[in-house]
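Protein chains in written order, with our numbering: chain V, 1 to 180; chain H, 1001 to 1048; chain Y, 2001 to 2568.
Rather than coming from a laboratory, the hints here were simulated on the basis of the structure. Do not rely on the hints blindly, as some may be mistaken.
Just the calculated beta-carbon pair ranges, DEER-fashion [to be verified]:
#1 Y:L2274 - V:E163: 16 to 26 Å
#2 V:T159 - Y:E2002: 35 to 45 Å
#3 Y:L2302 - V:L64: 20 to 30 Å
#4 V:D173 - Y:V2263: 50 to 60 Å
Glycine is no exception: its CB is placed at the ideal position from the N, C-alpha and C atoms.
The lines below spell out each chain.
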Amino acid sequence: MSDTEKLPKIGEKRSDSNQPLILPGIHRYQFFSNLKDRGWTLNLDRVALFGVVSALLATIIKPLLRGNPATIYCYECRACYATQDRCPVGISLQAELVVAGRVLDYDRFIRNGGLKCIRCGNCQSYCVQYLPLPKMFEVMQQETRRAIVAGIVPRESLTRGLEKGLVGKEFIDDVVRSIA
Amino acid sequence: MWIIFAFVGVLSGLIIAYALEMTSPKELFQGALGGLIAGLLMSAMLPH
Amino acid sequence: MEFLGYITLAIFLGLMLLTLFGYIRTPVQTVLVLSTILCLIVGGLFRFTAYGWNSVALMPNEFLGGIILHPITALLTGLFLAGGLKASGGFEALKAILGYLRRSPIGLVGTLVILINLPVISSLPCGRILAAALLPLLFTFGFEGGLGILTKSQLIVLIGAFTRNSMGSCGPSPIGGVGQIAEGFLGSFFPTASDGILRAPQAFALMLGTAVVALFLKFISQKLYPNDVALREAPAGIATQGGGSEIRIKAPIQGFIALAIFVMSLLIAIFQPLGKMPVQSVLVAGALLMIVVCRIRLNDLLEGIILLPVTAMAAGFLAAGALAATGGFVALASILNSLVSIKALGVAGMLAIFVQFQTILPLSCARILTAALVPTLYLFGPAQFNFLSWSQLAIVMAAYIINATTSCGPSPLGGGGMMGEGTMRAETGFIKGAYTFASMAVMAPMAAIFMKFLNLSVFQPSDPGFARNIYMIAAFALVIAGVNITFILLGSRIFNPNVSRNFFVQLLGFLFSGGIGGGILAFALFELDTTKICQGVLGGIIAAALIGLMAPKTLSKRLTATLSGPTP
């Protein structure tokens, strides 16, 4: 029997023995090869898979192109939260800034105090991988500044940031100008 | 710390041996011994 | 915006429940992407009305923020190594070594107990790394794998317990484990919390919980779902354990070298003697070294990669990112918070439900919800609501985090437990009852007790208020294990062929154990305050009802259809 003949027809369940064997015992895991078995959702599944893969690629490629590749390595373990009082400007959720830097989420960056960071590096010592957090924050600060100047960042994010004292003095002029 | 991990290792070793249908005294002893080693290794990996 | 959060939360939960119960028959990835798109549409409309186009244009970026690359890449590198080990004969070498161990004083059972606990001992930041590498080895213990040492039932217990241990080992990991999320927050009060204040309670609870899972799989799961594991028994006449002459396994020298490289990579990843570096880099370096030294092809490594967990996880992260960006998690936190105002529940009851939340709603990676809910839990402490003191917060965190970290195990949405189910060729959902039961009834209360009676005094020795009483921990371990083992054995005796009745018996067991677990948690927090303990019991029962009802009644008709297409 050829491989094509072995494939189940649409709507049929593939039997355990004719699933592709990759490692002993876990061949049912070749899950997407089973997509052709699922009749009415065939195209929806393809679109979904395309969406998932694109999202993954975007998450990796974006920081590479924007000069912030170190953000890819973050475990998001949040060990950096232990910085606590040792952060001179009172940022408490450093990992949020890293993630914001990776995907260019300006609102998240501003909301968590990214624009008031003075890049002292105290949080870096808590990172289990000793990632260059100050450098990563600096790159994102410059990205955010560019976005503010270009008028991309929503007014509400900036207004809220100003009201809560989340904007450092080096960025205040740009923020005020953008709001005005 | 190591005492309590040795204890839980032995306890879990006994239970696992029982679940694996290895219930002769020798097998239970071996299960407990394996659990003891696992417990001690675990405690060695923890911060003191 | 608050209203938007409730809508997106309802969309997500609705779609998940419809998938879990088999009404939507499509792979989870598709459902999760669908949930993301719906959130994008609803959120986009809201944002456009409230803040204008700029805000809408930035939404995809916010959604992408939900993707956590670490478990995805960790899994890929683990699979890479597994592929390398397989191609170079590493598994044959492992079998040979296990053969020697079997003949040593610890025997077969001692070797298996160590093997089952290996993930928590090595504590890698994602349980999938070791599971991907070692599950194929465990499979070889059965008849189909070649060794024929274990029977089908024993193999189910072995694989199930090992996978349970793996899918909780990311909690106590000091190199990017899930527990570090909470440890970071506890650092506000305990100066050395980031050294691993939650590691010992998690490891202790996981070891005990793994044993209870083994027992549950043997006495409950196999009786509830007798026809849902496709593993084969050895045909009559073929020797299994104890019988027949033992075959001496010969392995190629490359296999031993590959194994040595694998072990060295793991040790370097765990102890980081060459300085801090991502565990993935170390493992990939190990895999590349295998190519050079063991003469294997890159294709061999690539063949080890399994796509489902990777894509399911990524889709889960996307959906979580969509929820976070549209305020879904804020809505969830405020719902949980509002439970305090119900008099019968109070703080103790609410916390008993809160700590079990990730077991109630297990997602493909614990980090998805943990990153959203730990900050909420933190606010229950002195930082905002003042429901709890710092020490109480540490106790709740210990109970919460072990539940959270083990939640990828029972998740049918691409969780790590599916790797175990695949290996034992079981229907998806086979292990769910065992895994959720152990997390709820054993691990959460045990972690809380460990934190109360030992770990707080270790991390704050200057405070005499923190008791150190290991006898108390041992007594609670015996009681918790004893009670739950009794329930398991009792339940298995009263099961009969009536599926609905069996499900009801199991649910009853969940309710009893959940109530006891909630009561113990309340005791750990508020000591002998009867009202609080009663509230804890009630909270525990509510959580247990939700968990028990989510455990599948039957498997073949429902989840097979969900995950592998309709049965002809």
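A quick look at each hint next to the structure:
Separation of L2274 of chain Y from E163 of chain V is about 47 Å and departs from the stated range, judged on CB atoms against 16 to 26 Å. For the hinted restraint 35 to 45 Å between T159 of chain V and E2002 of chain Y, the CB-CB distance of approximately 19 Å leaves it violated. The hint said 20 to 30 Å for the Cβ distance between L2302 of chain Y and L64 of chain V, and at roughly 22 Å that hint holds. Evaluation of the 50 to 60 Å hint for D173 of chain V and V2263 of chain Y yields a pass: the beta carbon distance comes to about 57 Å.
Violated hints, in rising order: 1, 2; the structure is consistent with all others.
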